[in-house]
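Number of protein chains: 2
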Amino acid sequence: MKLSKTLWQTHKETPKDAEIVSHQLLLRAGLLHKTSAGLFTYLPFAMKSMSKIKNIIREEMEKIDATEISLSLITPAEIWQRSGRWQKMGPEMLRFQDRTERDLCFSPTNEEAVTDVFQKQVKSYKQLPLCLYQMNTKFRDEIRPRFGLMRAKEFLMKDAYSFHSDQQCLNEYYQKMYQAYQNIFQRIGLQFMIVKADAGAMGSAESQTHEFQVLAQSGEDSLLYTEDGSYASNTERAEGQRANVDFRKSENSLQKVATENLSTIEEVAEFLKVRPEQCLKSLVYQVVKKGKLTSYLILLLGDDELNEVKLKNLTGADEIYPASEQDLAKAQLVAGSIGPVNLACEMKVIFDQQIEMDAHYVVGANEKNFHFTDFRPSRDLAQKPWIVDVRCARSADLATNGQPLLEARGIEVGHIFQLGDQYTKSMAVDVLDQNGKRQYPLMGCYGIGVSRTMAAAIEQCHDANGIIWPKAIAPFDVYLAAIVKTDEFKKVAEDVYHLLVQSHYSVLFDDRQLGPGPMFKDADLLGLPIRVTVGERDYQQTQKLEIKLRHNSEVIHCRQEELIATLDQLWKTIP
Amino acid sequence: MKLSKTLWQTHKETPKDAEIVSHQLLLRAGLLHKTSAGLFTYLPFAMKSMSKIKNIIREEMEKIDATEISLSLITPAEIWQRSGRWQKMGPEMLRFQDRTERDLCFSPTNEEAVTDVFQKQVKSYKQLPLCLYQMNTKFRDEIRPRFGLMRAKEFLMKDAYSFHSDQQCLNEYYQKMYQAYQNIFQRIGLQFMIVKADAGAMGSAESQTHEFQVLAQSGEDSLLYTEDGSYASNTERAEGQRANVDFRKSENSLQKVATENLSTIEEVAEFLKVRPEQCLKSLVYQVVKKGKLTSYLILLLGDDELNEVKLKNLTGADEIYPASEQDLAKAQLVAGSIGPVNLACEMKVIFDQQIEMDAHYVVGANEKNFHFTDFRPSRDLAQKPWIVDVRCARSADLATNGQPLLEARGIEVGHIFQLGDQYTKSMAVDVLDQNGKRQYPLMGCYGIGVSRTMAAAIEQCHDANGIIWPKAIAPFDVYLAAIVKTDEFKKVAEDVYHLLVQSHYSVLFDDRQLGPGPMFKDADLLGLPIRVTVGERDYQQTQKLEIKLRHNSEVIHCRQEELIATLDQLWKTIP
Numbered sequence: 001m002k003l004s005k006t007l008w009q010t011h012k013e014t015p016k017d018a019e020i021v022s023h024q025l026l027l028r029a030g031l032l033h034k035t036s037a038g039l040f041t042y043l044p045f046a047m048k049s050m051s052k053i054k055n056i057i058r059e060e061m062e063k064i065d066a067t068e069i070s071l072s073l074i075t076p077a078e079i080w081q082r083s084g085r086w087q088k089m090g091p092e093m094l095r096f097q098d099r100t101e102r103d104l105c106f107s108p109t110n111e112e113a114v115t116d117v118f119q120k121q122v123k124s125y126k127q128l129p130l131c132l133y134q135m136n137t138k139f140r141d142e143i144r145p146r147f148g149l150m151r152a153k154e155f156l157m158k159d160a161y162s163f164h165s166d167q168q169c170l171n172e173y174y175q176k177m178y179q180a181y182q183n184i185f186q187r188i189g190l191q192f193m194i195v196k197a198d199a200g201a202m203g204s205a206e207s208q209t210h211e212f213q214v215l216a217q218s219g220e221d222s223l224l225y226t227e228d229g230s231y232a233s234n235t236e237r238a239e240g241q242r243a244n245v246d247f248r249k250s251e252n253s254l255q256k257v258a259t260e261n262l263s264t265i266e267e268v269a270e271f272l273k274v275r276p277e278q279c280l281k282s283l284v285y286q287v288v289k290k291g292k293l294t295s296y297l298i299l300l301l302g303d304d305e306l307n308e309v310k311l312k313n314l315t316g317a318d319e320i321y322p323a324s325e326q327d328l329a330k331a332q333l334v335a336g337s338i339g340p341v342n343l344a345c346e347m348k349v350i351f352d353q354q355i356e357m358d359a360h361y362v363v364g365a366n367e368k369n370f371h372f373t374d375f376r377p378s379r380d381l382a383q384k385p386w387i388v389d390v391r392c393a394r395s396a397d398l399a400t401n402g403q404p405l406l407e408a409r410g411i412e413v414g415h416i417f418q419l420g421d422q423y424t425k426s427m428a429v430d431v432l433d434q435n436g437k438r439q440y441p442l443m444g445c446y447g448i449g450v451s452r453t454m455a456a457a458i459e460q461c462h463d464a465n466g467i468i469w470p471k472a473i474a475p476f477d478v479y480l481a482a483i484v485k486t487d488e489f490k491k492v493a494e495d496v497y498h499l500l501v502q503s504h505y506s507v508l509f510d511d512r513q514l515g516p517g518p519m520f521k522d523a524d525l526l527g528l529p530i531r532v533t534v535g536e537r538d539y540q541q542t543q544k545l546e547i548k549l550r551h552n553s554e555v556i557h558c559r560q561e562e563l564i565a566t567l568d569q570l571w572k573t574i575p
Numbered sequence: 001m002k003l004s005k006t007l008w009q010t011h012k013e014t015p016k017d018a019e020i021v022s023h024q025l026l027l028r029a030g031l032l033h034k035t036s037a038g039l040f041t042y043l044p045f046a047m048k049s050m051s052k053i054k055n056i057i058r059e060e061m062e063k064i065d066a067t068e069i070s071l072s073l074i075t076p077a078e079i080w081q082r083s084g085r086w087q088k089m090g091p092e093m094l095r096f097q098d099r100t101e102r103d104l105c106f107s108p109t110n111e112e113a114v115t116d117v118f119q120k121q122v123k124s125y126k127q128l129p130l131c132l133y134q135m136n137t138k139f140r141d142e143i144r145p146r147f148g149l150m151r152a153k154e155f156l157m158k159d160a161y162s163f164h165s166d167q168q169c170l171n172e173y174y175q176k177m178y179q180a181y182q183n184i185f186q187r188i189g190l191q192f193m194i195v196k197a198d199a200g201a202m203g204s205a206e207s208q209t210h211e212f213q214v215l216a217q218s219g220e221d222s223l224l225y226t227e228d229g230s231y232a233s234n235t236e237r238a239e240g241q242r243a244n245v246d247f248r249k250s251e252n253s254l255q256k257v258a259t260e261n262l263s264t265i266e267e268v269a270e271f272l273k274v275r276p277e278q279c280l281k282s283l284v285y286q287v288v289k290k291g292k293l294t295s296y297l298i299l300l301l302g303d304d305e306l307n308e309v310k311l312k313n314l315t316g317a318d319e320i321y322p323a324s325e326q327d328l329a330k331a332q333l334v335a336g337s338i339g340p341v342n343l344a345c346e347m348k349v350i351f352d353q354q355i356e357m358d359a360h361y362v363v364g365a366n367e368k369n370f371h372f373t374d375f376r377p378s379r380d381l382a383q384k385p386w387i388v389d390v391r392c393a394r395s396a397d398l399a400t401n402g403q404p405l406l407e408a409r410g411i412e413v414g415h416i417f418q419l420g421d422q423y424t425k426s427m428a429v430d431v432l433d434q435n436g437k438r439q440y441p442l443m444g445c446y447g448i449g450v451s452r453t454m455a456a457a458i459e460q461c462h463d464a465n466g467i468i469w470p471k472a473i474a475p476f477d478v479y480l481a482a483i484v485k486t487d488e489f490k491k492v493a494e495d496v497y498h499l500l501v502q503s504h505y506s507v508l509f510d511d512r513q514l515g516p517g518p519m520f521k522d523a524d525l526l527g528l529p530i531r532v533t534v535g536e537r538d539y540q541q542t543q544k545l546e547i548k549l550r551h552n553s554e555v556i557h558c559r560q561e562e563l564i565a566t567l568d569q570l571w572k573t574i575p
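Protein sequences appear in the order of chains A and B.
Reminder that position 219 of the first sequence reads as 219 in the working numbering, one-by-one numbering, no gaps.
Reminder that position 422 of the second sequence reads as 422 in the working numbering, one-by-one numbering, no gaps.
This is chain A alone, in the form it adopts within the complex (with noise of 0.2 Å):
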């Protein structure tokens, strides 16, 4: 594609609102234009970009059978109602009436128009399993859209859906679709990590679910994983074990010391001359299920902290917050000398399963500025507490299989999930099975952030001077800068591009007769793999070509006709 055939505009100014590099890199370099807030536009090269994220996606689909359709991007009211979403998906779904008032949304998500469509096709057990899937624009109502296309309003996704005759065939679909979404990101070139995900309230025991992860410094994710691979998962249900925790045994017995002005573990544990995993942190949660409200007490190692979704999930709750000043004032609990002992309320207590119950720790004595020290679990208890895992796990800690757990950042590009029957029961969707009897299929769904894959792409792969494509999806393999004045050069660079054009190489050709450094910086910020140049005056002295690699910036001098060839050997060194 010559450039003076089509729209390239690169920009000097970084816009203020764009946060993060992938944002700044997508607006400089001419690939985005913000329409408004959290709605853009895709340029010429961002399209063919996601031209290629887009293809290898298909490809990967149709090599697991799954078919691809497209169901419509506004649906009615009707059909969230019979799954009983219409209620329960919060304001990030746009919802707004038609002329004749009719309730409406811009779907975020399609499992219930999917099933919809599923009833109305599908009739018996012999046409499963079945797994339909779409690439369509989404809308997330987001109220802080932010970081350009990781959290845009509207969105590309694919999204797929399975159907299955019992768990054994969805289980096998599912390492299917587990080995495809591989498949999509290691050709498309990028270094990602498969975790365990958090099921949510969605999920049954056995829902398996895993998200894929682009490693990128910005990445909101938090992941912790074994540096052999063996155990990955995002840390917010990531299972961890302490190491080396120092417990405190004793025979001492349960005592209360004065602790005035001393509220937080830190400053109890200095004034009391132990170390704040000797502690005890008490928290009191407020969980609400079906519209009950019930106070939770949840005591964790000093140096500890709650993770909300594991409380969530283990309380099966449907909303959960931590007790106000009035709540505490209610229950007669001090916030700062909080503790299990002689509790004035009656109220449930969790203990964390790294809590060693034989150990000795300093407690809140729900009385102000007083703590318990020696306080013995096993023997101090009036009540058995329920032991579970409720903590965040953290880098250091060790995985299930013992090795140290690490840390790292990234972008979440896709999710797979076992649904199970959740929709099909709820819409009363069923088929005949081999004997006739009705049954509701098993669902899975598959997730993938299309355009946010591309923006993760450069989160991962750039420098100070812009974008550099994995060269699976970069917008062209080749830039061509013709750095010519004559008559006789111009043709040069005309020859070089008609080369180009007819080998198995896509090249875009900068014949906008600028000057070596404007185009060279233009090059750069664009990222292509490859850059081919015509100098009038190197060439006139050596016949030869500058190519120069974008990812290690690596020089090479050949001859025209020489020039696939070396390209051919190059290719395959780039990632």
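Don't take every hint at face value.
Since the list gives no way to pick one copy over another, a pair counts as held whenever it fits inside one copy or between any two copies.
[Stated by the list, open to error] Think about it this way: if two alpha-carbon atoms lie no more than 35 Å apart in a straight line, the pair counts; the simulated DSBU-like pairs of lysine-lysine are:
1) K544 x K572
2) K54 x K123
3) K2 x K48
4) K292 x K368
5) K176 x K437
6) K63 x K12
7) K491 x K123
8) K437 x K490
9) K63 x K120
10) K123 x K176
11) K292 x K330
12) K491 x K176
13) K490 x K63
14) K54 x K471
15) K176 x K490
16) K123 x K521
17) K54 x K120
Treat the hints as calculated values from the structure; they're not laboratory data.
Given the structure of chain A, go ahead and fit chain B onto it with the hints provided.
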């Protein structure tokens, strides 16, 4: 593709709300699923056909250097306010607010959004001409969506926008686009007509505009054309010359006659023994322009009809409507006896140019139950009227080239239009010209209804048994029907499938183990160009496969090793 691996279900019932053939067949043949009124899901085989249509469009757009982008589907009120269209667009534009109470709409078209992109990305005339296009989902809030994909709320559209320094450049590019559209519909394989269209209020005197109409009985548009193809126009803007009117010449003076209880032209003509075209029809219209109302009296030959589009364009009105009974009473006019003589109120008078001003006519006398005979316009009018073309042309008229006009029905699938500087000017978007002066670029816009084209193809190409796809956009080339029971012949069918898969034909393999009756019925309904049958009994006796062409029901038998060569011969004969 094997049917056992995908989603396909035909339906026997014709849905009640499906009024036209394409809607019925799209649903019955398992191509489309109705999510809600006007909202559809494209099922796998519709995706295949749409993808072929999109590829043809893309290839032709690239040939004329149009560059693909993708504008956000949702656009903010602000960019519509810049052109003044936020107010002007009708209720078909779906407007809503996001959670921050920001006004947004689901874009029905994108002149403003693309001009906004242009403003940010283009600085100089050197970057012109430029053409940007996209293929994405549009939304039109139809109050009564019907006719399936013809008048759906959500639809897929290709819209292109070009920018130019001067009218000559716009004209040249317009011609290229005209040719590209011709190529597209020829390649898709449809019979179509290119007609001059109405430029409406958006156009200036020099604005060229054409519609691409697929010919079909069910078409919503009426078209007039001459047999040699030298003239073709949408009826709403067609010009026709009346042929063989028997104008009455006389020296009689104006004479009032009683016409008690006679009000229609036919009744009056019969009573006075003249032909309807020897009477003049008098119509009163209210014309609203920039908030100001003017009454018009329009005279037509008695058997002609007023063309409201022409009247609206001629008067430059924002709105026109026939005078109500109250309006007439106020102007002291009597319905059934209106005429141009003795008008009590001042009103503008239009004579259609088909009226011979020296002939004699019967007209209303502006007095209940009275008409004038022998009204001669050139003699009996107090004021000189405005003589213009304001009638509906119709078949049997003569075209401007003297040939008789023929009528056809069409489905508008494409529209190309010269916008001029309307948007660049109203949105204050300029570039620097050769002399460093600011200038407003001229624009063209060019649409194709992608989903509508698929439906139009079905309207044009079907029979009582189902769809007959034009080969260029058929979901697959070949329907492989396996009527086999034993493993031996299942293997033969598999062999034929692999033979086809490895050839240049795309193939749908019906491996559902149905009998020939339901299988052939489904095959005809789906309407792929070629059906190849592996019939166990026939094959055993003759070692031959059966080939059947969908469009002419021709049947050929051949051996497996001759299959591809035979198909190659037949393929050329298929439309």
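Hint check, failures only: Going through the list in order, the structure violates no hint and respects every one.
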